[in-house]
Every structure is written in structure tokens, then in C-alpha cells.
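There are 2 protein chains.
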Amino acid sequence: MIRHFEEDLKHLKERVLSMGNVVESMIDKAIQSIIKEDIELKNQVLKWEEEVNKTQIEIDETCIALIALQQPAAVDLRFITSAMKINSDLERMGDQAVNIIDHSLKSIRCMPQAIIDYITKMSEFVQKMVSRSLEAFVTYNVEMAKGVLLLDDDVDSLKEQIFHEIQECIKGDTEKINHSLDLVIISRNLERIGDHATNISEDVIYMILGKDIRHHQQII
Amino acid sequence: MIRHFEEDLKHLKERVLSMGNVVESMIDKAIQSIIKEDIELKNQVLKWEEEVNKTQIEIDETCIALIALQQPAAVDLRFITSAMKINSDLERMGDQAVNIIDHSLKSIRCMPQAIIDYITKMSEFVQKMVSRSLEAFVTYNVEMAKGVLLLDDDVDSLKEQIFHEIQECIKGDTEKINHSLDLVIISRNLERIGDHATNISEDVIYMILGKDIRHHQQII
Chain D
40 MIRHFEEDLK HLKERVLSMG NVVESMIDKA IQSIIKEDIE LKNQVLKWEE
90 EVNKTQIEID ETCIALIALQ QPAAVDLRFI TSAMKINSDL ERMGDQAVNI
140 IDHSLKSIRC MPQAIIDYIT KMSEFVQKMV SRSLEAFVTY NVEMAKGVLL
190 LDDDVDSLKE QIFHEIQECI KGDTEKINHS LDLVIISRNL ERIGDHATNI
240 SEDVIYMILG KDIRHHQQII
Chain B
40 MIRHFEEDLK HLKERVLSMG NVVESMIDKA IQSIIKEDIE LKNQVLKWEE
90 EVNKTQIEID ETCIALIALQ QPAAVDLRFI TSAMKINSDL ERMGDQAVNI
140 IDHSLKSIRC MPQAIIDYIT KMSEFVQKMV SRSLEAFVTY NVEMAKGVLL
190 LDDDVDSLKE QIFHEIQECI KGDTEKINHS LDLVIISRNL ERIGDHATNI
240 SEDVIYMILG KDIRHHQQII
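So the sequence lines, in the order shown, correspond to chains D and B. Using my numbering, the letters of the first sequence map in sequence onto residues 40 to 259. Using my numbering, the letters of the second sequence map in sequence onto residues 40 to 259.
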């Protein structure tokens with residue numbers, strides 16, 4: 040029974056990591072589809088979204104079944120309830136990636152290279168946040184989870200730089216207002232994904248260290 | 040033991056509803072503080088955020104304890120794990136209300152009345168989504184939860200109208216770019232709160248009707 044439960048937990052970890060990999064690819068391809076104006080990449084993101092939606096339901100059901108049948112003790116119970124929350128965060132990250140591709144594929148072409156570079160960098164940082172928050176979760180690594188919270192500050196300051204560039208761009212050319220607003224929203228979508236990774240990391244720290252350490256300022 | 044458990048569940052429902060009331064007030068006062076340029080309202084929102092953060096931790100611990108000690112069966116187990124997810128959503132709505140007050144209190148004064156009216160209306164709709172999604176949760180009401188998903192469409196179209204007004208406004212006066220971008224973000228903050236209420240409603244429908252009914256298009 041115990042060995043079986045350990046295998047179930049291992050399998051759950053693998054499922055969460057694998058869902059995380061798909062979500063990371065969705066973020067990457069969503070931004071690439073906008074930069075390269077590539078409809079194939081856009082369709083790939085939509086296909087992955089369906090996969091993520093299915094996986095979310097499966098992981099939730101696995102967690103409920105594990106709790107009901109195995110009646111896990113403190114640490115394992117916290118691990119499983121954390122997995123359910125992280126599962127929600129991953130699915131919402133996927134939604135944000137889909138929100139990104141909802142914008143016109145021509146948003147970026149006419150914009151200054153500096154903005155494209157910032158958006159690309161922001162996307163890379165956010166993907167790093169996703170993978171590290173999940174790695175922290177499955178390896179119970181508090182330091183790695185704390186590192187994600189610091190990366191979130193970098194993502195926020197990249198967003199500020201993008202805003203600044205966009206303001207300058209609109210001042211010089213009011214015809215670019217529509218595309219500029221699209222980019223403001225895309226950078227916000229990326230920021231939201233970073234926020235979800237931050238939430239995951241806070242959940243991980245809470246799961247490992249116990250109570251009363253959430254809400255950022257008390258953690259680092 | 041059973042009667043005790045029922046009382047615990049009743050108490051959990053009351054805590055979630057009461058947390059929801061505070062979050063609703065946060066949304067209302069955050070928007071009012073921007074419209075009225077009122078620093079007192081802003082400070083009130085910050086105080087409530089601390090309260091919400093504390094309540095989030097308490098509700099999570101209550102849920103974990105209920106699962107561990109009472110080993111609830113299928114429906115009750117789903118109710119408690121849903122409560123944990125809804126708890127996260129409520130806390131994040133509170134974060135979004137704080138994000139709203141982070142914007143300059145002078146964002147709105149110079150903007151056309153139409154934009155102020157749309158933002159006010161959007162805020163009212165979003166508050167309605169929050170209260171109805173929670174009401175649906177504690178009364179196991181699928182129809183009410185479905186109604187929230189429809190309200191989300193209204194909120195999205197209000198956001199589109201705000202975007203349109205802002206674009207027109209910037210075209211007429213490029214000096215208003217900074218304030219306009221602030222308002223774009225504020226309307227996105229409201230939209231995100233609506234998304235959380237939608238997530239709650241989807242969780243509620245899932246909890247009551249069982250598997251495979253999440254992801255919007257399959258629900259209504």
C-alpha cells in the first residue's frame with residue numbers, strides 16, 4: 040500500500056512537470072507567433088491548450104482520489120492540495136498564452152526593435168519562472184522557490200521598460216495607438232504568467248516551511 | 040462527530056462568504072478612490088488586504104485540518120478542495136484591487152465622463168460576479184454559477200468599449216498617453232477579477248455536476 044502510494048505521488052509529480060513543460064512551450068510559441076507573424080505556431084498553441092485543459096481535469100481527479108483512498112498524512116496531504124492549486128495556476132498560464140495569440144499578428148512588425156527585444160526577454164524570464172517554480176515544488180526546494188520571487192521583480196521592471204518605450208513610440212506616431220495597446224496587453228499577459236509562477240513558489244514555500252510565511256514581504 | 044463536521048462545514052462557508060464580502064468592498068473602494076482621488080479609501084483597501092491575507096491562511100489551514108481529521112467522503116471532499124481553490128482566487132482578487140490603487144489618483148480626472156462611467160459600471164458588474172459565484176458555491180447552485188459566466192461576457196465587452204474610448208481620447212490629445220495607459224491597466228485589473236469569479240463558478244459547476252464540464256464552451 041505504502042509503496043503504491045509513493046509510486047502514485049511520483050506519477051503525480053511527473054504529470055505536473057510534464058504539464059509545466061507544455062505550458063512553457065505555449066508561452067514561447069505564443070510570443071514567437073506574434074514576432075514572426077506565424078499562423079502555424081498560433082495553431083500549435085491552441086492545440087496545446089486543449090491538452091492542458093484535459094490534463095488539468097485528470098490531475099484534479101487523481102488528487103481527489105489519492106486523498107479519498109489513501110488518506111495521506113500531513114506533509115503528503117499538503118503536497119497533494121498544493122498540486123491541485125498549482126494545477127489551476129498552470130491552466131491559467133495556458134489561458135494567458137492563448138490571450139497573447141488573440142492579438143493581431145501584425146502588432147509587432149511596425150514597432151521599434153527595442154520593444155521586440157524587451158518582449159522576447161520578458162518571455163524568456165517568465166518561462167524560467169515557470170520551470171523553476173515547478174522544480175522547486177517537486178524537489179521541495181525553498182531556495183529555488185525564493186529565487187522565483189526575485190525573478191518576478193526582474194519581470195516587473197522589464198514590463199516598466201516596455202511601457203516607457205511604448206509611450207515614446209505613441210508620442211512620435213499616433214497611428215500606432217492600436218498596436219501599442221496590443222503590446223501593453225501582451226506584456227501584461229506575460230506579467231500575469233509570472234504572477235502565477237510566483238503564486239506557485241509561495242505555495243511551495245508554504246508547503247515546506249509550514250504556516251504564516253506567505254505574502255512575499257515576509258518570505259525573503 | 041458528524042454533527043461537529045457539519046458545523047465545521049457551515050463555519051467554513053461563512054468564512055468564505057465573509058472573505059468574499061471584504062474583497063467586494065476592496066474592489067468598490069479601489070475604484071472609488073481613483074474616481075474621487077481619495078487617499079482614505081486607498082488606505083482602507085490596504086488594511087483590508089492584510090485582513091484578506093490572514094484569512095486566506097486560516098481558511099487553508101482549516102481545510103487541511105478538516106481533510107486530515109474528518110476524512111470526508113466524495114461530495115464533502117470536493118467541497119473542501121474547491122474551498123481551497125476559491126480561497127486562492129479571492130486572495131488574488133484582493134491583489135488586483137491593490138494593483139488598481141497603485142495607479143495615480145489623478146488618472147481619471149482629465150478623462151472623458153464616458154470612460155469614468157464605463158469603469159464604474161465594469162466595477163459594479165465585477166462585484167456582482169464575485170458575490171454570485173460565492174453564493175453559487177455555498178448553495179450548490181449550478182444555474183447561478185452559469186449566470187456568472189454570462190456576466191463575464193458583459194464585462195469583456197465593457198472593457199472593449201473602454202479601450203475604444205481611450206484610443207479616441209489619445210488620438211485627440213497625446214498628452215493623455217500616460218493616464219490612458221493607466222486606465223487600460225485598471226480595466227484589465229477589473230477584467231482579471233472577473234476572470235477569477237469565472238474560475239470560481241467553473242469550479243462550482245465542476246464540484247456539483249462532476250467531471251469533464253470545465254472549460255467554458257462545454258458548459259452553457
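In short, the hints are calculated from the structure, not lab data. Possibly wrong hints are sitting among the right ones.
Copies of the same chain are indistinguishable here, so a pair counts whether it falls within one copy or spans any two.
[Said to hold, decoys possible] Using 25 Å as the maximum straight-line C-alpha spacing, the simulated SDA-like pairs for lysine to any residue come out as follows:
| id | residue 1 | residue 2 |
| --- | --- | --- |
| 1 | Lys210 | His142 |
| 2 | Lys210 | Gln200 |
| 3 | Lys49 | Arg148 |
| 4 | Lys215 | Glu88 |
| 5 | Lys160 | Leu80 |
| 6 | Lys93 | Gly186 |
| 7 | Lys93 | Val114 |
| 8 | Lys86 | Arg231 |
| 9 | Lys167 | Thr94 |
| 10 | Lys93 | Thr213 |
| 11 | Lys86 | Leu188 |
| 12 | Lys52 | Asn180 |
| 13 | Lys215 | Pro151 |
| 14 | Lys198 | Asn138 |
| 15 | Lys185 | Glu88 |
| 16 | Lys185 | Thr94 |
| 17 | Lys198 | His50 |
| 18 | Lys210 | Ala104 |
| 19 | Lys210 | Leu190 |
| 20 | Lys93 | Glu182 |
| 21 | Lys93 | Leu248 |
| 22 | Lys210 | Pro111 |
| 23 | Lys93 | Asp192 |
| 24 | Lys215 | Ile103 |
| 25 | Lys49 | Ile154 |
| 26 | Lys81 | Asp192 |
| 27 | Lys49 | Ala107 |
How the hints compare with the structure:
1. Taking the shortest Cα distances, lysine 210 and histidine 142 sit within 25 Å of each other both inside one copy (22 Å) and across copies (21 Å).
2. Proximity of lysine 210 to glutamine 200 under the C-alpha cut-off of 25 Å is found in both arrangements, the shortest distances being 16 Å within a copy and 23 Å between copies.
3. Within a single copy, lysine 49 and arginine 148 get their C-alpha atoms no closer than 45 Å, and across copies no closer than 56 Å, so neither meets the 25 Å cut-off.
4. With identical chains, the CA atoms of lysine 215 and glutamate 88 are never at most 25 Å apart, being 31 Å at best within one copy and 38 Å at best between copies.
5. With identical chains, the CA atoms of lysine 160 and leucine 80 are at most 25 Å apart within one copy only, with a shortest distance of 19 Å there and 37 Å across copies.
6. Taking the closest pair of Cα atoms, lysine 93 and glycine 186 come within 25 Å of each other only across two copies (24 Å); inside a single copy the shortest separation is 30 Å, beyond that limit.
7. Taking the shortest alpha-carbon separations for lysine 93 and valine 114, only the inter-copy value of 22 Å comes in at or below 25 Å, while the best intra-copy value is 27 Å.
8. Taking CA atoms no more than 25 Å apart as the test, lysine 86 paired with arginine 231 passes in both settings, with 21 Å inside one copy and 24 Å between copies.
9. With identical chains, the CA atoms of lysine 167 and threonine 94 are at most 25 Å apart within one copy only, with a shortest distance of 21 Å there and 31 Å across copies.
10. In this assembly of identical chains, the alpha carbons of lysine 93 and threonine 213 never lie at most 25 Å apart, being 43 Å within a copy and 46 Å across copies at closest.
11. For the homomeric pair lysine 86 and leucine 188, the shortest alpha-carbon distance between copies (23 Å) is at most 25 Å, but the shortest distance inside one copy (30 Å) is not.
12. When the C-alpha separation of lysine 52 and asparagine 180 is checked against a cutoff of 25 Å, the pair qualifies only within one copy, where the shortest distance is 14 Å, while the shortest distance between copies is 34 Å.
13. Proximity of lysine 215 and proline 151 under a CA criterion of 25 Å is satisfied in both settings, with 11 Å inside one chain copy and 21 Å between copies.
14. Proximity of lysine 198 to asparagine 138 under the C-alpha cut-off of 25 Å is found in both arrangements, the shortest distances being 17 Å within a copy and 14 Å between copies.
15. For the homomeric pair lysine 185 and glutamate 88, the shortest alpha-carbon distance between copies (22 Å) is at most 25 Å, but the shortest distance inside one copy (28 Å) is not.
16. With identical chains, the CA atoms of lysine 185 and threonine 94 are at most 25 Å apart between copies only, with a shortest distance of 23 Å across copies and 27 Å within one.
17. Taking the closest pair of Cα atoms, lysine 198 and histidine 50 never come within 25 Å of each other, the shortest separation being 37 Å inside a single copy and 42 Å across copies.
18. When the C-alpha separation of lysine 210 and alanine 104 is checked against a cutoff of 25 Å, the pair qualifies neither within a copy, at 57 Å, nor between copies, at 56 Å.
19. Within a single copy, lysine 210 and leucine 190 get their C-alpha atoms no closer than 31 Å, and across copies no closer than 36 Å, so neither meets the 25 Å cut-off.
20. Proximity of lysine 93 and glutamate 182 under a CA criterion of 25 Å is satisfied inter-copy only: 24 Å between copies versus 32 Å inside one chain copy.
21. For a Cα distance limit of 25 Å, the shortest separation of lysine 93 from leucine 248 across copies, 17 Å, qualifies, whereas the shortest one inside one copy, 32 Å, does not.
22. Taking identical chains as interchangeable, the C-alpha atoms of lysine 210 and proline 111 are never at most 25 Å apart, the minima being 59 Å within one chain and 60 Å between chains.
23. Taking the shortest Cα distances, lysine 93 and aspartate 192 sit within 25 Å of each other only across copies (24 Å), while inside one copy they are farther apart (32 Å).
24. In this assembly of identical chains, lysine 215 and isoleucine 103 lie within 25 Å of each other by CA distance neither inside one copy nor across copies; the values are 50 Å within and 51 Å between.
25. Neither within a single protomer nor between protomers do lysine 49 and isoleucine 154 lie at most 25 Å apart by alpha-carbon distance, with minima of 42 Å and 52 Å respectively.
26. For the homomeric pair lysine 81 and aspartate 192, the shortest alpha-carbon distance between copies (23 Å) is at most 25 Å, but the shortest distance inside one copy (29 Å) is not.
27. In this homomeric assembly, lysine 49 and alanine 107 come within 25 Å of each other (Cα to Cα) both inside a single copy, at 18 Å, and across copies, at 21 Å.
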